[in-house]
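Engineer: Residue strings, one per chain:
Protein chains: 2
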Amino acid sequence: MEKIPNIYEDFSEWYQYVTLKAELADYGPVKGTMIHRPYGFALWKQVQKVLGNMIEEDEVEDVYFPMFIPYSFLAAEKEHVEGFAPEVAMVTQAGGEKLDEPLVVRPTSETIMYKTFPNWIHSYRDLPLKINQWCNIVRWEKRTVMYMRTSEFLWQEGHTAHATREGAVEDVMESAKRYNRFLREYMAVPGYMGYKTEGEKFAGADFTVTIEALVRNKKALQIATSHLLGQNFAKAFNISFLDENNQTQHVWQTSWGFSTRALGGMLGAHGDEKGLVLPPRMAPIQIIIVPIFRTEEDRVVVANYLAGVEEMFKNAKIRFKTDWGTGTPGWKFNQWEMKGVPLRLEVGKREAEAKQLSFSTRLGKKVGYAMESQVYKEIELLLEEIQAEIFRNAENFLLENTVDISSEKELVEAMESGKAMYRAFFKDDTKRAKELQEKYKITPRVIPFDTIDQRGPDFITGEEGVPTIFAKAY
Amino acid sequence: MEKIPNIYEDFSEWYQYVTLKAELADYGPVKGTMIHRPYGFALWKQVQKVLGNMIEEDEVEDVYFPMFIPYSFLAAEKEHVEGFAPEVAMVTQAGGEKLDEPLVVRPTSETIMYKTFPNWIHSYRDLPLKINQWCNIVRWEKRTVMYMRTSEFLWQEGHTAHATREGAVEDVMESAKRYNRFLREYMAVPGYMGYKTEGEKFAGADFTVTIEALVRNKKALQIATSHLLGQNFAKAFNISFLDENNQTQHVWQTSWGFSTRALGGMLGAHGDEKGLVLPPRMAPIQIIIVPIFRTEEDRVVVANYLAGVEEMFKNAKIRFKTDWGTGTPGWKFNQWEMKGVPLRLEVGKREAEAKQLSFSTRLGKKVGYAMESQVYKEIELLLEEIQAEIFRNAENFLLENTVDISSEKELVEAMESGKAMYRAFFKDDTKRAKELQEKYKITPRVIPFDTIDQRGPDFITGEEGVPTIFAKAY
Chain A
1 MEKIPNIYED FSEWYQYVTL KAELADYGPV KGTMIHRPYG FALWKQVQKV LGNMIEEDEV
61 EDVYFPMFIP YSFLAAEKEH VEGFAPEVAM VTQAGGEKLD EPLVVRPTSE TIMYKTFPNW
121 IHSYRDLPLK INQWCNIVRW EKRTVMYMRT SEFLWQEGHT AHATREGAVE DVMESAKRYN
181 RFLREYMAVP GYMGYKTEGE KFAGADFTVT IEALVRNKKA LQIATSHLLG QNFAKAFNIS
241 FLDENNQTQH VWQTSWGFST RALGGMLGAH GDEKGLVLPP RMAPIQIIIV PIFRTEEDRV
301 VVANYLAGVE EMFKNAKIRF KTDWGTGTPG WKFNQWEMKG VPLRLEVGKR EAEAKQLSFS
361 TRLGKKVGYA MESQVYKEIE LLLEEIQAEI FRNAENFLLE NTVDISSEKE LVEAMESGKA
421 MYRAFFKDDT KRAKELQEKY KITPRVIPFD TIDQRGPDFI TGEEGVPTIF AKAY
Chain B
475 MEKIPNIYED FSEWYQYVTL KAELADYGPV KGTMIHRPYG FALWKQVQKV LGNMIEEDEV
535 EDVYFPMFIP YSFLAAEKEH VEGFAPEVAM VTQAGGEKLD EPLVVRPTSE TIMYKTFPNW
595 IHSYRDLPLK INQWCNIVRW EKRTVMYMRT SEFLWQEGHT AHATREGAVE DVMESAKRYN
655 RFLREYMAVP GYMGYKTEGE KFAGADFTVT IEALVRNKKA LQIATSHLLG QNFAKAFNIS
715 FLDENNQTQH VWQTSWGFST RALGGMLGAH GDEKGLVLPP RMAPIQIIIV PIFRTEEDRV
775 VVANYLAGVE EMFKNAKIRF KTDWGTGTPG WKFNQWEMKG VPLRLEVGKR EAEAKQLSFS
835 TRLGKKVGYA MESQVYKEIE LLLEEIQAEI FRNAENFLLE NTVDISSEKE LVEAMESGKA
895 MYRAFFKDDT KRAKELQEKY KITPRVIPFD TIDQRGPDFI TGEEGVPTIF AKAY
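Residue numbers (my numbering), protein chains in the order written: chain A, 1 to 474; chain B, 475 to 948.
Source of the hints: derived by calculation from the structure; they are not laboratory data. Here the structure is a predicted model, which means the values were calculated and not measured.
Here are some chain B residues pointing at chain A (derived, C-beta under 8 Å):
1. ASN610
2. TRP614
3. GLU626
For glycine and all other residues, C-beta sits at the position ideal for the given N, C-alpha and C.
Make the full structure from the sequences, and use the hints.
Structural biologist: Right, dumping it as structure tokens:
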């Protein structure tokens, strides 16, 4: 086996190596695009299933809107078009003819959806309107970083309309909490949840709530965002309703999205020198079984024993695979470790005859059980322990790399000491944020909710500020 | 309530009316596009769930390939580009710049997938390769017929590569049978399964297997197609493998797809003068509960009784909704009938006090049960009976409208008598098929498998022919 690039010394090389060699993805032929292979796409299917259920449970209904948006729609909301125009792809020819108006391939669906909302919303009885779609999105990129940065990516986008600002704000918070729960409980990705600064919020929003995670290369990754759109789009698209007093009012809106980029965050948050580390709740294969034998006679003994083990895993709905391939056991161990499988079960003649189950966890522990009908419960617990351990490791990494600073000097020291996230009192100011970005390549990532009530002197100007986390962004 | 257009006299008006009024869909802003609303999109979600499971069970793995295809890829297989070039949409600008090579928005993914296959296929051990993707597809249309004909539609496309022609043929047949099973058992849509003629097969295929259904307007609708691609693309894209004797060979390929068009077939096959008729296995709402009361006191009695009924439905995983809306019961009955809900439960004070369940089926039967803990089993059976009845009605319609003809004179008579599908011995000949199309607006739709062994004189030339079904196509 080739040597895996060192994750700590050259994260980019490591990341590219594992995404390709673990057969998660391939580069697409057009710059900026990627191919989701079965092992990698299974991760997205798990997102669709679990996060999709959470969204459905909150009474959001799935829809599908067209991908092509007339350019004039995009232009209807001023900030929105300024934000997205530079990165759109445009269809100018179709059916052998030049089109009268170019069509934008959706960079997000606010405009096309909201153009239709006036047909659906008439009275307060039609509110709240809560819809969601899973689809592909195009924002032009010339450089591909698998999952993290691709011209075409997959996501879900939720869009809601409410009678009151309070209703809309509540929905934004519900959405952010749902994302945070999914990230923590399934992807084992901890992050700081809070507001985006003015300069970093969504184009056309009143405010944006984000979750900022930390990748192994010590760069912050903005994962899921939820926006309070206020009445900006409602006014641009004339979305109004008759309230209970028969008065016409504009609706209050939200939108929120979770994309394949989050998979990049998950892969980058948990990897190690052996390759990927997949949290059991996300892993397409939770247990890889490696049969070990030299003679045909031994192979039969192992296979007979495994039949019962596989039956048990199957009934318990544990996702497993038995690798009967031609490689040596050692090669297989490396391969499946690189692919991030949480548990490995090694079965030779000795284990078969003794009816033993000898596991190795991806994090390096050995655990053995006697094979009996209820042992799958122990194995399920073991998988949950691995899940928790992966989360703890990522959380420790996040906390160890976050440092409080109270002056520019401390910022420089923190950067030199290798810390990644710098928490400082900051008075939000887009111009000053830009200056910091030019000088230190850092940007204000998030104003965390858990310290939102604190106030103190801005770490540079001394004006009253609020705790804000700065970091280099992905 | 407005009057529903007559399905028998003006199917197009009826179809447009019900798709809009039942809130299945809306027109999109760009010509040829449609918006899938929650009630309609739920039908597609059911396809994805059930057909998706069937595909997974046959060991096909889900993937996702980029939507943008360099024009040069499309041009690599001669027949393929001739077939698709006239209807593609092209991105010529992106990220503020004119692109060097225009990008085709996928009209199907053969070329972009097969360009990658040589990276994945090296030896016979890598075969068969079986992948599938659910995605959006663009084929330019200027006229929208909801589901049936839209510029952008949704589908799944399966692609497989095999070591032998036999392996590929077997896969084509498995795919067609899977589609037919889903159509019959879930969508309650019967059809003729068989080969496409040379002139109607997929651009780049050796042969195409289709299922042709019949819509209420007596037009044939090609629903699902499965193609034997042979080695045509393998040669164009150089997809080869080392066989067991260490010889290099080209792979044998298949592709097969099932799209949102099938939903149009289902809606059009079962509708009646009251609106949609949805088969229970597909219906987003299987039972609509209409509470009937005049006083607040009665409302409470009904609501208390319904709590237990709803609990039972929920536990039995029956999809139901209770309409507490403001309309009159009569208005609600019409509304939910128009929306095609298979079963209606009317509950007034009398039913509540007598603990009765009084159902009306969408097909006009009344059925009553006593409310007791196991009665959901009877209701499940009732839903299955409705499913079977809907299928039988559609099958009778198909059979009644199919007629054997043995001469051009009989064809004219059959057309005049209002029959829809004309079965004749035909010696496949693209030029003659075109002449028949010009003269009678009919095309050869399918050479059915169930009569594939029969031979007889061509209904016009007298040459040896095989039973072929002609019809006007959607």
